[in-house]
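Turn these sequences into a full structure, and let the hints guide you.
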Amino acid sequence: MSAPRLPLEGIRVLDLGMFWAGPFAGKWLADAGAEVIKVESASHPDNLRILARGVYPGGEAGERPWNRSGMINERNRNKLGLALELGTPEGRAIFRELVAISDVVVENFSNRVLPRWELDYPRLREINPRIILASIYSQGSKGPESGFVSFGGTLEQIGGLTAITGYPGEMPAVYTLAMPDPLGGAMGVGLILAALRERRRTGAGMYIDMSQRENVTALLGEYVLDFQMNGRSPEPIGNRDRLHAPQSAYRCAGEDGWVALSVRNDAEWLALCRAIGRPALIADPRFATVTARHEHHDEIDEVILQWTAGRTKHEAMEELQRWGVPAGAVYTTEDLSNDRHLRARGYWEAIDEPDAGRHVYPGRPMRLSATPLGTRLPTPTLGQHNRYVLGTLLGKSDGAIAELERAGVIGTEPTAAARSGRL
Amino acid sequence: MTGPLAGLTVLELGQGVTAPYCCLIMGQLGADVIKVEPPGGDVARRMGPFPGDVPHRERSALFLSLNRNKRSIVIDLDTATGQQLVRDLARHAGVVVEDAAPGAMAERGLGYESLSAVRADVVLTSITPFGQSGPYRDWGATELTLFALGGLMNIMGEPGRVPLKFGGQPGLHLAGAYAFAATQTALYLAEEHGIGQHVDVAILEGLGASHFQDLTEYEYTGRIRQRADLRLPIPARDGFVSFSVQAHQYGDFRRLILGEEAAAAIAAAGPDDAVARDRARLEGEMDTQILEWTVDRGKYKAYFAAQEAHVPAAYLADMTDLMESPQYAARGFWVEVDHPVAGALRYPGLPAHLTGLAVEPRPAPLLGQQTDEILSSLTDLTPHEIAEIRAAGVLG
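So the sequences go chain by chain: R and A. Residue numbers for the first sequence, in this note's numbering: 1 to 423. Residue numbers for the second sequence, in this note's numbering: 1 to 396.
Treat the hints loosely; a few may be bogus.
[Stated by the list, open to error] Across the chosen pairs, the derived CB separations fall in these ranges:
(1) 361(A) with 100(R): 35 to 41 angstroms
(2) 274(R) with 6(A): 27 to 33 angstroms
(3) 117(A) with 90(R): 42 to 48 angstroms
(4) 55(A) with 87(R): 57 to 63 angstroms
(5) 329(A) with 267(R): 23 to 29 angstroms
(6) 226(A) with 420(R): 39 to 45 angstroms
(7) 6(A) with 310(R): 18 to 24 angstroms
(8) 344(R) with 159(A): 31 to 37 angstroms
(9) 399(R) with 329(A): 52 to 58 angstroms
If you're looking for bench data, these hints aren't it; they were derived computationally from the structure. We put the CB at the ideal spot given by N, CA and C, even for glycine.
This is the structure:
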């Protein structure tokens, strides 16, 4: 057997993911060489095909908007597309045939969906004892809140992140960065691969029952222990830090220009004083130690602001970094897209989509030296690979496939209800 | 005691958050994680918070939370003997995770070239702010500066005011989770086909990949997402709740707050109009009826009742809420672990249940707690030789 070009060649994944977390996991596995079949249906395409927030090329929805949404096209590269009605007995029978020849099923539905379709883990295991089912649930399969719906933004609140975020001394606000989604996707990937490792030893599959809410709280270990040790419930401290001082974002020249900086130790404090042309501050006892700098943080902020106000965020960042002060401009998406470092690293990837044309997308959180990853396939159009999956993988005849099409078990266009947003 | 990573030895040459979080997950899955600490220990041992704010290297909350299910060995990597010890240990390690500045490990003879020379199929995962190459490769960075560069701060906070970051260090933890997934990806190939490799994880690139929706919106339409008006949660008696009501859920929401009869009357007046009015009421946040409803119930009951009525809702969970969460109790999320110095504390467990997973939770190691045990079991050194190396100061 020749050496594989990609790490996960030979692994087949059924990706039932919708929105972000599930498809993110599927995309990672697909990037790494697994054959990932994105399973949607005409009645329930991935919601992001429909709820596109107007993110179409040039803002134009076009004739087949469900294939033109930037939201869908970023997250589903390197996958094959199957549109199969799992709400019908015929659709579920085909899915069971696919489970028999697959290694992994990944999903992020509510905990009611797979049992309703009789496709929960005990049933999947009967079909294929080697199958790994990864359920990226909101709050897990069991417990009083397990059936509750959530989004990235609600998970940030119930997971504890929102309570420690905000302007100090003000009423809390709700931010929706949806960080729990990529976090859940990445954890799902790591656990799936660990399960494949275990399967090599035991021959048995595994059920991965994840809680995205727990995933968020798991990032707060130091606060959880501080609460038990000292009874402290953390309050928002804006951009400041418990340890680093000074640390904040400072206004620069230019529209809404800001630069963030952190001083982690005395050496970086010296560097900052020199960088902003105030070497006399080095000897100032008000700022000599980190404790003192915390006490006089407001005064330091004033001094830094005088310097940043005369520079753009890019100039300030480059100059501070030249002196060895950790600094980062507050980037917009435009700034990030043009950043010289990411460009030099070849981070952005241009891909031709059948219905959306050529666009540039962000790359991956990892580079592999022996098996470099890239995009082999654009995001599938809805049901693009129905024939490959049913014919080549499952051996169904052209006639049988045509019959399934006529019966609406497979399709390539969303139903009218789906198009109108009833998903 | 078993888990899917049983039999895997992981060498952790990391400090702070990213590499330790990556290896914490692997330890919870049954890997034998050997944490190589410098003399004086992981910086997180000095970062606290500490009980009573009294610094103690075995009582740092950050360290304790990120280093469970690991063994600690102290080795001075700035000595030739120490570097050789790490190469000796690396023979047993399928995975090495490090977070030094790019090139720093190679200077010590511990880069990918050197490690793959002692073990061809080794997976070396390097976690850095900007990656192993490129113009910013040697730049310093923190959670804050990376959040800024990643484009995430620009959309957090109030328009016209200073942009914000999330509290805590979620960005660095997220990078640790990415490193875990990346390591497992490479490990699969290494164990199937004997092919090792160097995995380059850049925190900034991970944040960029997490920010895809706004980047793609800019690419497709030229629109740049900016900070929007603050979305304030709704006060309850004991905290705050928020509702994320979609257009088709306004009927449920109205019935929940106003009751059947009043809701029916509003619906009869014209559905579109009613939705617009509900939205305005919610965005007004302080609508008396909503406020009365949430204040009466308190945050948790309001969240629970809304969710039961199929209205997406959340409450702002603080530490007490999390520790006492009925859902977390039902899942057994909190894991009590007794530490010889810090005592019995409850920690966040693995955020997933896995069939057959039975890895006993172990407390974070004392500094160098397993130095002798690791050297005598994984190297050919005699007790006398170990004593000599220790006398030379290599083992802290």
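Which of the numbered hints above does this structure break?
2, 3, 5, 6, 7
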